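Trainee: Listed below are the residues making up each chain.
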Amino acid sequence: MTRLLKNREILLTGIIVLMVAGFATRAPGFAEPTNLANIFNDTSILIILALAQMTVILTKSIDLSVAANLAFTGMAVAMTNAAFPDLPLVALIVMALGIGACLGAINGFLVWILQIPPIVVTLGTLTIYRGMAFVLSGGSWVNAHQMTPTFLNVPRTVLLGLPVLSWVAVLVVLVFWFVLTRTPFGRAAFASGGNPVAAVYAGIDIGATRFFAFVLSGAMAGLCSYLWVSRYAVAYVDIANGFELDSVAACVIGGISIAGGIGSVAGAVLGALFLGVIKNALPVIGISPFAQMAISGVVIVLAVVFNARAEARKGRIILRNRNTTEVTA
Amino acid sequence: MNKRDTPVPARRTIPDRLGTPLSRTLASWEVLLFGVAVLIFIANSLASPYFLDAWNLSDATFNFTEKALVAFAMALLIIAGEIDLSVAAIIALASTAMGAAAQAGVGTPGLVAIGIGTGLACGTVNGFLVSALKLPSIVVTIGTMSLFRGISYIALGDKAYGGYPDSFAYFGQGYLVWVFSFEFGLFLLCAALFAVLLHWTNFGRQVMVIGNNEFAARFSGVPVERVKFILFLLTGLMSGIAAVCLTSRLGSTRPSIAQGWELEVVTMVVLGGVSILGGSGSILGVVIAAFVMGLVTFGLGLLNVPGIVMSIFVGLLLIVTIALPILARRIRQARRA
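Taken in order, these protein sequences are the chains called Z and C.
Heads up, the first sequence is in our numbering, so the first residue is 1 and it goes up one at a time.
Heads up, the second sequence is in our numbering, so the first residue is 1 and it goes up one at a time.
Just so you know, the hints here were simulated from the structure itself, not pulled from any lab data.
Heads up, some of the hints might be wrong.
Chain Z is faced by these chain C residues, among others (derived, beta-carbon under 7 Å) [as the list claims (entries may be wrong)]: (1) 136; (2) 151; (3) 308; (4) 319; (5) 325; (6) 326.
Treat the numbers as computed from the prediction; the structure is a model and nothing was measured.
Built from N, CA and C at the ideal position, the CB exists for glycine as well.
The task is simple: from the sequences and hints, build the whole structure.
Mentor: In structure tokens, the structure reads:
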């Protein structure tokens, strides 16, 4: 039993189930399968970004520019769709992935070649990318009537009971699970965050691993940009403002160590779902949506405290690596 | 998160012979930055005929004085190897608290006390989480950033507080003598105080030592946790003071007040030559960096460049100023090899 409780994924699943059950007593119908499917669909974008963020955090970095990347790429894709309605959707999605990956590569390049701390790089590119979204659009919006029906409808199409948006999230989860646990890149990502010195001696190129993690994160932000723009049927400069913190929060809640090297795909997904359930429950149980920000703040702080306890208990006493506790900017 | 633990060559190489004092001064970051400030000043006065005017320049100082007040404390924090991303949220919460108090009819001295008190309280929360629970400051302050601003949103929603007493306007709108505003005077005073604190006291030494080698600092008897706690408290205090000035200047409070300032404050500190990895930096550098950023944003404003485009320049400034010394060092090493 205690072993079960110590397992982060099972514990988190239990908490989410309890939360859903609790909310269902206040609002009948909250636990209905259709509503749960809605919540999952609503959380899909966060799940994808949390997995992207997780890959970066595993390598002992952080990507605060994901939301700005999403805003810029979303604007570029929406404007292209408005200007060339004949362009097939596949081309637009490839374009979104490409632009996102390029912006991610800029982050990765600065971290890898110039060795600038990731937090500084992505704080800088966060403002630059969002500023570029403004320059690109001139501050104007791309509205639903300017977008083609295919562009808007594909993520909403229901397949086997779930919208395509949800299926994309499921697919991304499977791909990330495979990449992180079954490929050399996944091993390298865990190793370069868990113990960078040992990783270097084991022949792993930490810089290149970080670079590819940033490219992957950027590409996922690009994918999400299309999903976001088509889901909300609008593109403007401020979309997804502050969403980078939600993605970090999902990771922290899911037990991904901010010091790198520790975490699981299931944890990130559950962390995102945890936030998604809270977000969807607040209006149902009559709490102002303005409270959401404060609640996620409390949850982040509690999750960090909890993580620190869990990691401390693992006992690195004999081979204590003082650097693992020394996480600073 | 940092490079301290990756196997890279030593950060500081000790040269066989130091240059002459004059050449060392000329090559220092502060002098370089001062040169940049002068260049921007000249470029601005050429680009806009409205730039060279005493009152205009006095207006320009408002662009950076409040941010610089926070930047002084942030500089110490970053030198000690920590960071506080919640400063802008502290300003928002302190401003909200003052707004609520003003609605209840509290007078000017009470409002100032409430603003500064809220800042101190927030700093205590951050300091406790980082120094007592030994949590990484970057995630903790991302969390408290969302918590503090979240409380402002709960209190205000989409509304705004106004109706501050008339005498309260002095802090953000008053002038000491001629064109020198109260805020500018406060900025100079705090610059002097922080310079003394960092460069001429035991406490400042301890901050530097912690940033250079926390492990060694602990073994040398430096009370690492206490120093860090005080630094977070100091950052909260300065954010509270900045909140008083900003609220007084704007005369109203929205929950989105000072949005994104944490980035600009960190940029100011890093631009001022403070190492983001901790362990080195000077207050003089931060002061000059404040002028540089203020002149850039004000000059661009006179040229009708929108705020969000200015933020591109701020972001570029941040990355370029960090990248340049790294590139320069690499070129120098390559030449030596």
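Trainee: Each hint needs a verdict: does it hold in this structure or not?
Mentor: Outcome of the hint check:
The beta carbon of residue 136 of chain C is positioned within 7 Å of a beta carbon in chain Z (closest approach about 4 Å), and the interface hint is therefore held. Annotation: residue 151 of chain C was flagged as interfacial toward chain Z, and the flag holds, the nearest CB pair being 5 Å apart, inside 7 Å. Taking 7 Å as the C-beta contact cut-off toward chain Z, the hint placing residue 308 of chain C at the interface holds, the least distance being around 4 Å. Because the closest C-beta pair between residue 319 of chain C and chain Z is about 4 Å apart, less than 7 Å, the hint holds.
Using the Cβ-Cβ criterion of 7 Å, the hint placing residue 325 of chain C at the interface with chain Z is not satisfied: the shortest such distance is roughly 10 Å. For residue 326 of chain C, the suggested interface contact is upheld, since its CB lies about 5 Å from the closest CB of chain Z, less than 7 Å.
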